[in-house]
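A.B. asks: Each chain, letter by letter, is given below.
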Amino acid sequence: MKILTCPVNGPRNIAEFQYLGPVRAASAEEPGQLIEALFYAENPLGIMHEWWRHMPSNTILIAERHTVTDRIVATYLPNQKPA
Amino acid sequence: MPFTLLRYGLRSKHASFGDIPSTPALKRSYDVVIVGGGGHGLAAAYYLSNVHGIRNVAVLEKGYLAGGNTARNTTTVRSNYMTEESVRFYAEGVRLFETMSQDLGFNIMYSQRGQLTLAHSDATMRSFHLRAEMGKHVGTRIEVVDARTVKELVPHLNLDIGGMHEVLGGLWHADGGTARHDAVAWGYARHASRRGVEIHQRTEVAGFDVSGDRVTHVRTNRGTIAAGQVLQAVGGLNGQVAALAGIRLPIRCFPLQAMVTQPLKPFLHTLVSSANLHTYLVQSSRGEVVIGGGSDPYQLASTRSTLDQKEHLAEGALHLFPFLHKVKLLRQWAGITDMTPDYSPIMGASPLANYWLDCGWGTWGFKATPVAGKRMAETIATGKVPDILKPFDLRRFDSFALLNEMGATAASH
Ligand SMILES: Cc1cc2nc3c(=O)[nH]c(=O)nc-3n(C[C@H](O)[C@H](O)[C@H](O)COP(=O)(O)OP(=O)(O)OC[C@H]3O[C@@H](n4cnc5c(N)ncnc54)[C@H](O)[C@@H]3O)c2cc1C
Chain A
1 MKILTCPVNG
11 PRNIAEFQYL
21 GPVRAASAEE
31 PGQLIEALFY
41 AENPLGIMHE
51 WWRHMPSNTI
61 LIAERHTVTD
71 RIVATYLPNQ
81 KPA
Chain B
84 MPFTLLRYGL
94 RSKHASFGDI
104 PSTPALKRSY
114 DVVIVGGGGH
124 GLAAAYYLSN
134 VHGIRNVAVL
144 EKGYLAGGNT
154 ARNTTTVRSN
164 YMTEESVRFY
174 AEGVRLFETM
184 SQDLGFNIMY
194 SQRGQLTLAH
204 SDATMRSFHL
214 RAEMGKHVGT
224 RIEVVDARTV
234 KELVPHLNLD
244 IGGMHEVLGG
254 LWHADGGTAR
264 HDAVAWGYAR
274 HASRRGVEIH
284 QRTEVAGFDV
294 SGDRVTHVRT
304 NRGTIAAGQV
314 LQAVGGLNGQ
324 VAALAGIRLP
334 IRCFPLQAMV
344 TQPLKPFLHT
354 LVSSANLHTY
364 LVQSSRGEVV
374 IGGGSDPYQL
384 ASTRSTLDQK
394 EHLAEGALHL
404 FPFLHKVKLL
414 RQWAGITDMT
424 PDYSPIMGAS
434 PLANYWLDCG
444 WGTWGFKATP
454 VAGKRMAETI
464 ATGKVPDILK
474 PFDLRRFDSF
484 ALLNEMGATA
494 ASH
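In the order they appear, the protein sequences are chains A and B. According to the working numbering, the stretch in the first sequence is residues 1 to 83, in order. According to the working numbering, the stretch in the second sequence is residues 84 to 496, in order.
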């Protein structure tokens, strides 16, 4: 079982979470960035910032996870990144 | 003949076949450098050297030959896609599989036993009708069948699935089949190297020298070589290798997992797949049941497996064939897949004039090994992208000309 730490509910089985994809640099609201936002998602080898949802509590959070080792480095509520 | 075989069988020493020569020293320059020694790269090398007479070719493989997704796939070969462009392309692939053992003089164990996809809802039945009509229009063997025919095709299938996912009918694709993945790669490698293609294993591409709109050199862990043209076919890492040449691809890495059971007596004579249960099964010629399904839930560029996903595959398999509950798993694994937004590959030109792409094969590219190799070799040899490849151009994302095959791909590969 893999554990993801919800900032509200603490460490939980990752099966309780829904993956919502990478935090995007491009914005679909900017016409010049539309194609980038729709099709060219972040895909680094390394730490990726991504959206997750704890389904039972409907908590939306951000996780920083390494895409090669699968290690979760940090989780926090949006706009509440610890210093 | 039988005596030759008997003598051979009783001989105490056997010379090795030597199908694939050991890695030579790198030359200073090649007409064509193929990055990636998987099935796709090797098929292109075969067609370049055997059909187009281009023999000064190097295949660069960072690990061992065909140890990427070519070694990890579940070998579904089919052409029952959604769009006309896809069906035409994949149908050419199926036809090449049909004659491959003869063409290569190498038994790839192609078994055209038909593929059955199950529908558990009216919505799925409707999409099956669309796919069947498209397949017939292009001239492939495909039809929608009712539950009774499903039972005849797969007598051991559990049709009611506890009332939850009752099977209403299916999409029967008589052209579907399987082949031995390793043999496909080895067959191409053997014939390419006989015509002078050099296969360099443990040779990792680390960068490219670009001048203007052309790649001039390929940098590897064993030295730098000059390249007339470059073909990129590196499977799961296609996004990363393209970035080394300054090219961005709309690709995300997701693991895909599979597993096989201990061998059983033959009971399953077709390929069976269920999109609702995210599971598909095929019995190999050894009797092992190969079980595959949907991708991992989140992006990752690692070939680790997870218990969650394996349990999910087992659950789907048990819904369809409850009597498998006592059967043991023999092996399980994962591969990194290079997923595109529309579940179609990216083939053809890149922003660089002499750099060609055979990418974005995600979870479904084994079946395209011969046709992609053939058509990419034609592209490189003539400098012109053939019509059949044009819909798969990278620029389709700029013009929203997507080829959406998600519904026909996500659970059957
Ligand atoms: C579990 C699983 C099941 C699948 N099932 C099916 C199926 O049933 N039917 C189907 O059609 N498809 C299936 N696929 C997809 C299929 O396996 C792939 O699309 C196909 O094998 C791709 O072939 P390839 O030659 O392009 O890539 P690969 O076989 O992955 O070869 C690419 C090679 O490039 C090498 N490489 C990477 N980076 C570098 C570098 N920097 N320098 C040099 N070499 C490099 C790699 O080591 C690798 O050997 C499945 C995939 C998986 C993982």
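Simulated from the structure, these hints should not be mistaken for laboratory data. Heads up, the beta-carbon is just placed ideally off N, CA and C, and yes, glycines get one too. The reader is advised that the hints may include incorrect statements.
[Stated by the list, open to error] Label pairs and their computed distance ranges (CB to CB):
#1 A:Ala37 - B:Ala98: 40 to 46 Å
#2 A:Pro31 - B:Asp470: 47 to 53 Å
#3 B:Arg414 - A:Pro31: 46 to 52 Å
#4 B:Leu347 - A:Trp51: 51 to 57 Å
#5 A:Leu20 - B:Lys234: 38 to 44 Å
#6 B:Ala484 - A:Pro78: 50 to 56 Å
#7 A:Gln18 - B:Pro405: 38 to 44 Å
A.B. asks: A separate judgement is required for each hint: does it hold in the structure or not?
C.D. replies: Hint check:
1. Restraint check, Ala37 of chain A to Ala98 of chain B: a C-beta distance of roughly 59 Å breaks the suggested window 40 to 46 Å.
2. In this structure the supplied range 47 to 53 Å is violated for Pro31 of chain A paired with Asp470 of chain B, their Cβ-Cβ distance being about 32 Å.
3. Restraint check, Arg414 of chain B to Pro31 of chain A: a C-beta distance of roughly 50 Å satisfies the suggested window 46 to 52 Å.
4. Against the hinted window of 51 to 57 Å, the Cβ-Cβ separation of Leu347 of chain B and Trp51 of chain A comes to about 43 Å, which falls outside the hint.
5. A hinted range of 38 to 44 Å for the beta carbons of Leu20 of chain A and Lys234 of chain B is consistent with their spacing of about 41 Å.
6. Checked against the hint of 50 to 56 Å, the C-beta distance between Ala484 of chain B and Pro78 of chain A comes to roughly 35 Å, which is inconsistent with it.
7. Taken as a hint, the range 38 to 44 Å is violated for the pair Gln18 of chain A and Pro405 of chain B, whose Cβ atoms sit roughly 30 Å apart.
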